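S.K.: Here the protein sequences line up with chains S and E, keeping their order.
Using our numbering, the letters of the first sequence correspond one by one to residues 1 to 359.
Using our numbering, the letters of the second sequence correspond one by one to residues 360 to 718.
These are computed hints drawn from the structure, not numbers from a lab.
Treat the hints with caution; some may be incorrect.
As the list claims (entries may be wrong) - Only pairs whose alpha carbons sit at most 27 Å apart, straight line, appear in this in silico DSS-like list of lysine-lysine:
#1 S:K89 <-> S:K103
#2 S:K317 <-> E:K403
#3 E:K403 <-> S:K111
#4 E:K451 <-> S:K111
#5 S:K89 <-> S:K185
#6 S:K104 <-> E:K403
#7 E:K403 <-> S:K114
#8 E:K451 <-> S:K103
These numbers were taken from a predicted model, which means no experiment stands behind them.
2 protein chains.
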Amino acid sequence: MNRVYNFSAGPSMLPEEVLKIARDEMLDWHGSGMSVMEMSHRSKWFEEIIKKAEADLRELMNIPSNYKVLFLQGGAHMQFSMVPLNLMKKGKADYVNTGVWSKKAISEARKYGKVNVIASSEESNFTCIPELDPKTFSRNADYFYITTNNTIYGTRFTKLPDTGNVPLVADMSSNILSEVIDVSKFGLIFAGAQKNMGPAGVVIVIIRDDLITDTNPEVPTMLQYKIHAENGSMYNTPPCFSIYMCGLVFEWLKKHGGISRIQKINEEKAAILYDFLDNSELFKGTVEKKDRSLMNVPFVTGDKELDAKFVKEAAEKGLVNLKGHRSVGGMRASIYNAMPVEGVKALVAFMKEFEAENK
Amino acid sequence: MNRVYNFSAGPSMLPEEVLKIARDEMLDWHGSGMSVMEMSHRSKWFEEIIKKAEADLRELMNIPSNYKVLFLQGGAHMQFSMVPLNLMKKGKADYVNTGVWSKKAISEARKYGKVNVIASSEESNFTCIPELDPKTFSRNADYFYITTNNTIYGTRFTKLPDTGNVPLVADMSSNILSEVIDVSKFGLIFAGAQKNMGPAGVVIVIIRDDLITDTNPEVPTMLQYKIHAENGSMYNTPPCFSIYMCGLVFEWLKKHGGISRIQKINEEKAAILYDFLDNSELFKGTVEKKDRSLMNVPFVTGDKELDAKFVKEAAEKGLVNLKGHRSVGGMRASIYNAMPVEGVKALVAFMKEFEAENK
Chain S
1 MNRVYNFSAG PSMLPEEVLK IARDEMLDWH GSGMSVMEMS HRSKWFEEII KKAEADLREL
61 MNIPSNYKVL FLQGGAHMQF SMVPLNLMKK GKADYVNTGV WSKKAISEAR KYGKVNVIAS
121 SEESNFTCIP ELDPKTFSRN ADYFYITTNN TIYGTRFTKL PDTGNVPLVA DMSSNILSEV
181 IDVSKFGLIF AGAQKNMGPA GVVIVIIRDD LITDTNPEVP TMLQYKIHAE NGSMYNTPPC
241 FSIYMCGLVF EWLKKHGGIS RIQKINEEKA AILYDFLDNS ELFKGTVEKK DRSLMNVPFV
301 TGDKELDAKF VKEAAEKGLV NLKGHRSVGG MRASIYNAMP VEGVKALVAF MKEFEAENK
Chain E
360 MNRVYNFSAG PSMLPEEVLK IARDEMLDWH GSGMSVMEMS HRSKWFEEII KKAEADLREL
420 MNIPSNYKVL FLQGGAHMQF SMVPLNLMKK GKADYVNTGV WSKKAISEAR KYGKVNVIAS
480 SEESNFTCIP ELDPKTFSRN ADYFYITTNN TIYGTRFTKL PDTGNVPLVA DMSSNILSEV
540 IDVSKFGLIF AGAQKNMGPA GVVIVIIRDD LITDTNPEVP TMLQYKIHAE NGSMYNTPPC
600 FSIYMCGLVF EWLKKHGGIS RIQKINEEKA AILYDFLDNS ELFKGTVEKK DRSLMNVPFV
660 TGDKELDAKF VKEAAEKGLV NLKGHRSVGG MRASIYNAMP VEGVKALVAF MKEFEAENK
């Protein structure tokens, strides 16, 4: 077996320790005589698995008791609809446009109410987080929506807007659990699992109790937060195995020191890569320094053929999935929690080698 | 390791051969250096996995080329909404009420149009499939909806209604792949994976091309069949690992002779159990003989305490999850494709033993 360093933007690397546990428990979970995939979701075993996953996530993120944690399906995309369908009571919301995912969220929300795009970095191809002027925020908006980390462009919010009484809603798919955040500053946080938590197929929603209300009855039952909250994410059969995998990742994070510890490691990993980029004569980062992501690091040589050569040769060295998103070009290294420091060091070592040969 | 015979109604038993492959490939799929869970859904590897899964399903079910196969999220519950949101063009559909799942489907459909419940077996607590009189079918309905197998009650449609030009829509969650069916008789088939195909978290939709049309634009993008069909189930990140597991189950089915062979085995398993029930002085089946399911076999002793004793003692012998659904009581043995004949024989042997001791 020859494991690679996988820089995929998502689905992405999982901790090897976690995969080994999943492997070893595949045919018989804790003496149950069955795989987690074979368990009734109403069994005492699965109940233990989902309750432990939730408790560990609450502990890791220090989630206040007036927030519910939901394990749902449909990924962030389904949340782009569920957020307005559940939260747009007065029919008005503020959105910040920081890339493809914000735009999709805006487009879905426009089906259900008035969307005020209060700032956008589209003119600079999303290479920064736009300045936010509180004077432009709508009064009495139902919520204020941001994407805390932008996977494609490699930007992140380093400080949160002060939205007063307007609930802050955040798509945190690509940086949840990567740095310490104050959950109490948010009304609702959602995140697809497949970057920092587990396999694709489960999306986690952290929602403040007062935002869980009746919807218009025409909203599909499966898209109502209240239904899922009242049923402990068991209104229908949940994606049990994906939740189990998330739980194993949460245990792994706890064992290795929790979020404050992984944040230090993430800062270290990002610094290794950004420091190299800032001093390279061949490679350069594409994002304004103040807004750089800790998770996704896009970079270019400025020469498309050289970019392609780099991606190809890196893959031959076991550094895979470094091709950038088509809307940015060049390369992108996604260095989520599960990417070890050694992986980033191996990448930078290869970049140095490549630079020496090709500059 | 001590594997049990798991009679759970779903999630349920998977073939041990399949679980062993998943275990062995957990850290490195086919030399890729990564788990299927870690692969980009846009990678050549995952593309190979999803295309092979679809091709194998098409071969197994002999799906005509004018049908699309979609791998979606949200289970059968999400389909209860997607079917009317996409197919109710004229605003009228016929439903047959054969249990809890039909009722939920009816309730969702009523949000979007006129539902004509043309027959119901509710008065007999769903112990049969009601007679259908074609004279009661609506003219010009958008579709005609049935649940081909009723997991809770243990009934199934042994012959399909002739709905003429009205597309027949079927929830086949608990009997897909268990017997040979003629897909061309249906407009749309859907099935949650967690009974006969794989882990919970993926639902398969087989839809005839002419039923894939534009919806009302207010329908959430994620609930539009057309979007998923146009994007080959990759509009958003699909539940990759669950699709991979389904693919392994499809391979296993092909290797062991396909649907006609598994149907024979299923008939054999069901006959062993029903023959015993028909001759038992203690146990009896709860369903009208003509409508008996091959997959779910509810039975009772008529004495609640004895039922509970049976379930407990069976579990001690490694025959687990035999407790019936609360709405039927007693016991239920779900004997899906992955339940070997030996499992059913072991169950009947224990039932004989229990009967001798308790009658």
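S.K.: Against the 27 Å threshold, does the CA-CA distance of K104 (chain S) and K403 (chain E) hold or violate the hint?
M.R.: Within the cut-off at roughly 26 Å; holds.
S.K.: Quickly compare the C-alpha distance for K89 (chain S) and K103 (chain S) to 27 Å and report which way the hint goes.
M.R.: 21 Å, holds
S.K.: Under the criterion that the straight-line Cα-Cα distance not exceed 27 Å, is the pair K403 (chain E), K114 (chain S) satisfied?
M.R.: 41 Å, violated
S.K.: Quickly compare the C-alpha distance for K403 (chain E) and K111 (chain S) to 27 Å and report which way the hint goes.
M.R.: Outside the cut-off at roughly 35 Å; violated.
S.K.: For a C-alpha distance cap of 27 Å, please report whether K451 (chain E) and K103 (chain S) respect it.
M.R.: Not satisfied, since the Cα-Cα distance of roughly 35 Å exceeds 27 Å.
S.K.: So if I understand the rule, the pair passes when the alpha-carbon distance is 27 Å or less; does K89 (chain S) with K185 (chain S) pass?
M.R.: 21 Å, holds
S.K.: Would the pair K317 (chain S) and K403 (chain E) pass a check requiring their Cα atoms to be no farther apart than 27 Å?
M.R.: 18 Å, holds
S.K.: Taken at face value, is the distance from the CA of K111 (chain S) to the CA of K451 (chain E) at most 27 Å?
M.R.: Within the cut-off at roughly 24 Å; holds.
In summary, the numbered hints that this structure violates are 3, 7 and 8.
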